[in-house]
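J.: Please take these sequences and the hints and turn them into a complete structure.
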Amino acid sequence: MSVESIDITMEHCPMTFVKAKLALARLNRGDILEVTLKGGEPLENVPRSAAEEGHKILSIEDLGEVHLIRIEKN
Amino acid sequence: MRNYTQEQLERYSRHILLKDVGVEGQDKLLDGKVLIIGAGGLGSPAALYLAAAGVGTIGIVDGDRVDLSNLQRQIAHYTKDVGEWKTESASEKMVAINPDIKVIQYNQYLDASNIRGIIREYDFIIDGTDNFATKFLINDACVFENILFSHGGILRFDGQTMTIDPNKTACYRCVFNAPPPADLVPTCSQAGVLGAVAGMLGTVQAAEALKFLTRAGTLLTNRLLIFDALTMDFRTVKIEKNDNCPVCGSHPTVTELIDSPAAVCDLKSS
Numbered sequence: 005m006s007v008e009s010i011d012i013t014m015e016h017c018p019m020t021f022v023k024a025k026l027a028l029a030r031l032n033r034g035d036i037l038e039v040t041l042k043g044g045e046p047l048e049n050v051p052r053s054a055a056e057e058g059h060k061i062l063s064i065e066d067l068g069e070v071h072l073i074r075i076e077k078n
Numbered sequence: 006m007r008n009y010t011q012e013q014l015e016r017y018s019r020h021i022l023l024k025d026v027g028v029e030g031q032d033k034l035l036d037g038k039v040l041i042i043g044a045g046g047l048g049s050p051a052a053l054y055l056a057a058a059g060v061g062t063i064g065i066v067d068g069d070r071v072d073l074s075n076l077q078r079q080i081a082h083y084t085k086d087v088g089e090w091k092t093e094s095a096s097e098k099m100v101a102i103n104p105d106i107k108v109i110q111y112n113q114y115l116d117a118s119n120i121r122g123i124i125r126e127y128d129f130i131i132d133g134t135d136n137f138a139t140k141f142l143i144n145d146a147c148v149f150e151n152i153l154f155s156h157g158g159i160l161r162f163d164g165q166t167m168t169i170d171p172n173k174t175a176c177y178r179c180v181f182n183a184p185p186p187a188d189l190v191p192t193c194s195q196a197g198v199l200g201a202v203a204g205m206l207g208t209v210q211a212a213e214a215l216k217f218l219t220r221a222g223t224l225l226t227n228r229l230l231i232f233d234a235l236t237m238d239f240r241t242v243k244i245e246k247n248d249n250c251p252v253c254g255s256h257p258t259v260t261e262l263i264d265s266p267a268a269v270c271d272l273k274s275s
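In the order they appear, the protein sequences are chains A and B. The opening residue of the first sequence carries number 5 in the numbering used here; numbering runs sequentially from there. The opening residue of the second sequence carries number 6 in the numbering used here; numbering runs sequentially from there.
None of these hints come from the bench; they were simulated from the model. Careful, some of the hints might be misleading.
To be verified - Pairs of lysine-lysine residues, derived as DSS-like cross-links and limited to a Cα-Cα distance of at most 30 angstroms, are as follows:
1. B:Lys-243 with B:Lys-216
2. B:Lys-173 with B:Lys-33
3. B:Lys-24 with A:Lys-42
4. B:Lys-243 with B:Lys-173
5. B:Lys-246 with B:Lys-173
6. A:Lys-60 with B:Lys-216
7. A:Lys-60 with B:Lys-33
8. B:Lys-98 with B:Lys-85
9. B:Lys-243 with B:Lys-24
10. B:Lys-24 with A:Lys-60
11. B:Lys-246 with B:Lys-33
12. B:Lys-98 with B:Lys-38
Please read these numbers as outputs of a predicted model, since none were measured by experiment.
T.: Below, the structure is given as structure tokens:
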């Protein structure tokens with residue numbers, strides 16, 4: 005199992021999830037992707053879209069300015 | 006997996022967002038090879054959508070030049086292109102939409118002697134031709150080469166299309182045994198077509214090619230999609246692989262390609 009991290013705080017919809025999908029596509033099942041993103045649209049949509057595609061949202065952490073979500077690839 | 010540039014990620018973002026396509030599907034499109042036979046009413050929308058989708062290699066076959074009477078429905082060609090080769094005109098628009106792709110132009114007509122060598126280079130074939138002789142030629146060649154293809158035809162307000170996975174699902178000859186007699190084929194004065202009907206059908210064919218390359222969904226096999234734009238009724242008719250089919254049945258009578266006379270509607274020469 006490996007852990008990868010991406011920062012999509014500079015991205016806007018729909019590139020937020022596009023970047024997350026690209027990173028997930030490079031991982032193997034069971035690997036973890038840590039995504040740093042902004043509140044609002046990215047925080048609402050990225051975890052929801054990842055869950056819809058069958059990935060597991062392990063945690064959503066509020067880091068103040070940004071949020072960190074941890075996704076386990078399905 | 007490819008290394009996508011930021012520009013490619015943005016260009017293909019609406020594909021990548023699709024659960025059934027994703028990055029993996031876009032990779033397959035960029036690696037895909039589709040041949041479009043006919044750069045006319047069906048071939049134009051198919052060529053533009055496949056180019057936009059990022060199908061990496063697109064072959065386009067046509068031996069004709071753009072005529073003013075084509076422009077009402079053949080949307081890859083512009084007024085400035087009248088007199089230009091159709092393959093050249095279509096290729097210019099395709100590359101303008103998407104410089105990522107490679108377009109291979111076949112400025113010629115297909116016949117029994119050249120079709121197999123050309124289609125063999127491709128993963129999927131789109132039949133956008135306007136005459137029965139070539140439609141049967143494409144069917145038989147695809148059966149012999151085992152290459153999937155989309156049949157399409159339009160006339161007046163009607164369209165029909167089916168996808169053929171040769172030797173597995175019903176082929177064009179399983180349904181339509183042989184070309185109709187020439188006197189049953191509408192003459193030029195009868196054969197109008199609503200321009201948008203070409204777009205409706207050509208885009209269905211393009212969608213089938215994209216689905217095949219990405220392995221998304223279920224293809225339009227063993228079904229004939231028929232629509233009438235006058236009433237906007239769409240229906241699919243179930244069809245079956247025919248064991249007595251002259252080309253893909255168990256005792257085929259069509260065992261090699263032959264050129265039959267084309268009952269083509271040629272207004273200029275009549």
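J.: Does each hint fit the structure? Answer for all of them.
T.: Consistency of the hints with the structure:
1. B:Lys-243 with B:Lys-216: OK: Lys-243 (chain B) and Lys-216 (chain B) at ~20 angstroms, within 30 angstroms.
2. B:Lys-173 with B:Lys-33: This hinted pair holds, its Cα atoms lying about 23 angstroms apart.
3. B:Lys-24 with A:Lys-42: 23 angstroms, holds
4. B:Lys-243 with B:Lys-173: 15 angstroms, holds
5. B:Lys-246 with B:Lys-173: At roughly 8 angstroms apart (the allowed maximum being 30 angstroms), Lys-173 (chain B) and Lys-246 (chain B) satisfy the hint.
6. A:Lys-60 with B:Lys-216: Holds - the C-alpha atoms of Lys-216 (chain B) and Lys-60 (chain A) are around 27 angstroms apart, at most 30 angstroms.
7. A:Lys-60 with B:Lys-33: 26 angstroms, holds
8. B:Lys-98 with B:Lys-85: At roughly 12 angstroms apart (the allowed maximum being 30 angstroms), Lys-85 (chain B) and Lys-98 (chain B) satisfy the hint.
9. B:Lys-243 with B:Lys-24: Holds, at roughly 29 angstroms.
10. B:Lys-24 with A:Lys-60: 15 angstroms, holds
11. B:Lys-246 with B:Lys-33: 29 angstroms, holds
12. B:Lys-98 with B:Lys-38: 18 angstroms, holds
In this structure, every one of the numbered hints holds.
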